[in-house]
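Asks: Here's the letter readout for the chains.
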Amino acid sequence: MAYVLECIGIKKYFGDVHAVDDITLRLKTGIISTILGPNGAGKTTLINLITGWLTPDAGKIIFDGTDITHLTPHDRVKRGICRSFQLVNLFDEMTVLDNICIAILTRKKLTKSLLRPLKHYKDVETEAYDLLKKLGLEKYASELAINLPQGSRKLLDVGLALALHPKLLLLDEPTSGVATSDKTQVMDTISSLVRDAKVTALMVEHDVELAFSYSTELIIMSQGKIIAQGPPEIVRKVEEVIRLGYG
Amino acid sequence: MVIELRTRLTKLFPLIILLAILFLFPLFAPSYQIFLLSYALLLALTALGYNLLFGKAGLLSFGHAAYFGLGAYVPGFLTTYTSIRSLEIWLILSIAVSAIIGALIGYVCVKYTRIHFALLTLAFSMMFYSLLFKFYDITRGDDGLYVAIADILGTSFKMSKDAYIAGPLYYATVVIFLILVGVGWIIYNSPFGKTLEAIGNNSARVEFLGVPVKRYKWYAFIISSIYGGIAGCLFGILSGHVSPTALHWVFSGEIVFMCVLGGTRLFIGPIVGALLFTYIKTYTITFTIYWQLLFGSILVILVLLFPKGVLGGALTLLRRSRGEKVGLRT
Numbered sequence: 001m002a003y004v005l006e007c008i009g010i011k012k013y014f015g016d017v018h019a020v021d022d023i024t025l026r027l028k029t030g031i032i033s034t035i036l037g038p039n040g041a042g043k044t045t046l047i048n049l050i051t052g053w054l055t056p057d058a059g060k061i062i063f064d065g066t067d068i069t070h071l072t073p074h075d076r077v078k079r080g081i082c083r084s085f086q087l088v089n090l091f092d093e094m095t096v097l098d099n100i101c102i103a104i105l106t107r108k109k110l111t112k113s114l115l116r117p118l119k120h121y122k123d124v125e126t127e128a129y130d131l132l133k134k135l136g137l138e139k140y141a142s143e144l145a146i147n148l149p150q151g152s153r154k155l156l157d158v159g160l161a162l163a164l165h166p167k168l169l170l171l172d173e174p175t176s177g178v179a180t181s182d183k184t185q186v187m188d189t190i191s192s193l194v195r196d197a198k199v200t201a202l203m204v205e206h207d208v209e210l211a212f213s214y215s216t217e218l219i220i221m222s223q224g225k226i227i228a229q230g231p232p233e234i235v236r237k238v239e240e241v242i243r244l245g246y247g
Numbered sequence: 001m002v003i004e005l006r007t008r009l010t011k012l013f014p015l016i017i018l019l020a021i022l023f024l025f026p027l028f029a030p031s032y033q034i035f036l037l038s039y040a041l042l043l044a045l046t047a048l049g050y051n052l053l054f055g056k057a058g059l060l061s062f063g064h065a066a067y068f069g070l071g072a073y074v075p076g077f078l079t080t081y082t083s084i085r086s087l088e089i090w091l092i093l094s095i096a097v098s099a100i101i102g103a104l105i106g107y108v109c110v111k112y113t114r115i116h117f118a119l120l121t122l123a124f125s126m127m128f129y130s131l132l133f134k135f136y137d138i139t140r141g142d143d144g145l146y147v148a149i150a151d152i153l154g155t156s157f158k159m160s161k162d163a164y165i166a167g168p169l170y171y172a173t174v175v176i177f178l179i180l181v182g183v184g185w186i187i188y189n190s191p192f193g194k195t196l197e198a199i200g201n202n203s204a205r206v207e208f209l210g211v212p213v214k215r216y217k218w219y220a221f222i223i224s225s226i227y228g229g230i231a232g233c234l235f236g237i238l239s240g241h242v243s244p245t246a247l248h249w250v251f252s253g254e255i256v257f258m259c260v261l262g263g264t265r266l267f268i269g270p271i272v273g274a275l276l277f278t279y280i281k282t283y284t285i286t287f288t289i290y291w292q293l294l295f296g297s298i299l300v301i302l303v304l305l306f307p308k309g310v311l312g313g314a315l316t317l318l319r320r321s322r323g324e325k326v327g328l329r330t
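Sequences listed follow chains S and X, in order.
Residue numbers are given in this note's numbering: position 21 of the first sequence equals residue 21, and the series is strictly consecutive.
Residue numbers are given in this note's numbering: position 259 of the second sequence equals residue 259, and the series is strictly consecutive.
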């Protein structure tokens, strides 16, 4: 089995708090995995370690066969690790279209070009519109990102990451803050985009039902450790998982 | 086709009028007004370049006078120590000096953000101020250096300083101003400009898109220094004299103010801000000995009425009147 990401014995301590405590995790290519766990289980710390926002105190992170433990976040993005954020993280005072354009320009290595206006790059704009259509956000193209409803902002956040054509997409609570009635629709859009793009996705989710219904594999974390990993139907029968209330 | 051309012309009409006024100005204006407009255009260039750093990338530098001042000292030194009198060579050397010094200082400063960045830039600029102030034997200290009349495109001008300012120098200034505004407009709207805007909006997210943020801030720092250097060089020639006050932090503060006054989120904001600033300052000085009080009050009122700058405020009012949604920073 090919693994896109391998975390081997990684640790991250904040003083006495063992946020990530000797975790070994291997992610199979092309599936959606979800990390479930109570608050403070170390889920977001794990995502921050994988994206390079934090450096582990011990252990190795291997992506696509290369050791990336000490690479900066933007070097990891170049290799194909992209993320969306728990608290929506957009360019609020730029238009929705420009938000996506920035991501596409980055991928196409055009961000340094300074002697030609952006509107002359028709292919960038067309691609951005296509992605906005898939996200169902094309009607907001010329709105400032800050004026969008929360669900749409979440989708735009994921869109920014997808526009980079990642190999591994990390989704930190893609439905947090979204009205309960809209959660399924947001997840449907995200999961179909992820499957179409054949991206490996690692998601952090609080909503147990969503996690079980949209993931191929579940990873249950508690107190900085992984206590179970596997397909949902197997994981939900593990004794410790039942004790956490996820069974 | 004809209709399309006509709408284009209608759109361009105000621009054509402005250009005509700029080019015909010396024909009807007294020489002092020509001097004042030249000075305002140079400040506008400085503010425009500075706003790439401040308005776009969100970096508040308090030491931008350094590049303007160093640019102005280039013709000062060349007049005093060499026989080179060519405007083109002076400009090229001003560009080189401001770019190199900007690159060195910028390299250190962009590692920091917010107040740390502001204070570092301030410290560096005052360091250059002190050097020019103290090394009297070379720089003539507070007395400053004389700047000669420069040859333009190989032509020497045997005329009075007033006639030189109102003629050749004015047109050279206008042409360079227009070229740099054009280049600035392209940079502002280029992928690079958009990326800087994104950095100003949310630099952490830009890092997560795979852009080395600090390097881009550094590029912006260098470009804005070059704008300052070019404007400074022409200012040296215009005033015929350069002293360390051109590098003083008070002038750095004024550059920031011009941008805020005009509106940092709009391309022409700094230009409008610099023009307003120059004329308000000049006329309050002639009006009363308490000009600083009057000048300060006018600026405070303008900023209170238009927190997004005069242009930003006007645009917001226009959008509101049309019932459009308005963002936080226009």
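Among the hints, erroneous ones may be present.
[As the list claims (entries may be wrong)] Here are some chain S residues pointing at chain X (derived, C-beta under 10 Å):
no.: 1; residue: H70
no.: 2; residue: T72
no.: 3; residue: H74
no.: 4; residue: D75
no.: 5; residue: F85
no.: 6; residue: Q86
no.: 7; residue: E93
no.: 8; residue: M94
no.: 9; residue: T111
no.: 10; residue: S113
no.: 11; residue: L114
no.: 12; residue: L118
no.: 13; residue: K119
no.: 14; residue: A145
no.: 15; residue: D157
[Claimed, not checked] Here are some, though not all, of the chain S residues that point toward chain X, as calculated from beta-carbon distances under 10 Å:
no.: 16; residue: W53
no.: 17; residue: L110
no.: 18; residue: F212
Since the hints were made in silico from the structure, they are not lab data.
We treat Cβ as the ideally placed atom computed from N, Cα and C, and that holds for glycine.
Asks: Compare the structure with each hint and give your call.
Replies: So, going through the hints one by one against the coordinates:
no.: 1; hint: H70; verdict: violated, 16 Å
no.: 2; hint: T72; verdict: holds, 8 Å
no.: 3; hint: H74; verdict: holds, 5 Å
no.: 4; hint: D75; verdict: holds, 8 Å
no.: 5; hint: F85; verdict: holds, 8 Å
no.: 6; hint: Q86; verdict: violated, 13 Å
no.: 7; hint: E93; verdict: holds, 5 Å
no.: 8; hint: M94; verdict: holds, 6 Å
no.: 9; hint: T111; verdict: holds, 4 Å
no.: 10; hint: S113; verdict: holds, 5 Å
no.: 11; hint: L114; verdict: holds, 4 Å
no.: 12; hint: L118; verdict: holds, 5 Å
no.: 13; hint: K119; verdict: holds, 7 Å
no.: 14; hint: A145; verdict: holds, 9 Å
no.: 15; hint: D157; verdict: holds, 9 Å
no.: 16; hint: W53; verdict: holds, 8 Å
no.: 17; hint: L110; verdict: holds, 5 Å
no.: 18; hint: F212; verdict: violated, 29 Å
In summary, the structure is inconsistent with hints 1, 6, 18 from the numbered list given earlier, while agreeing with the others.
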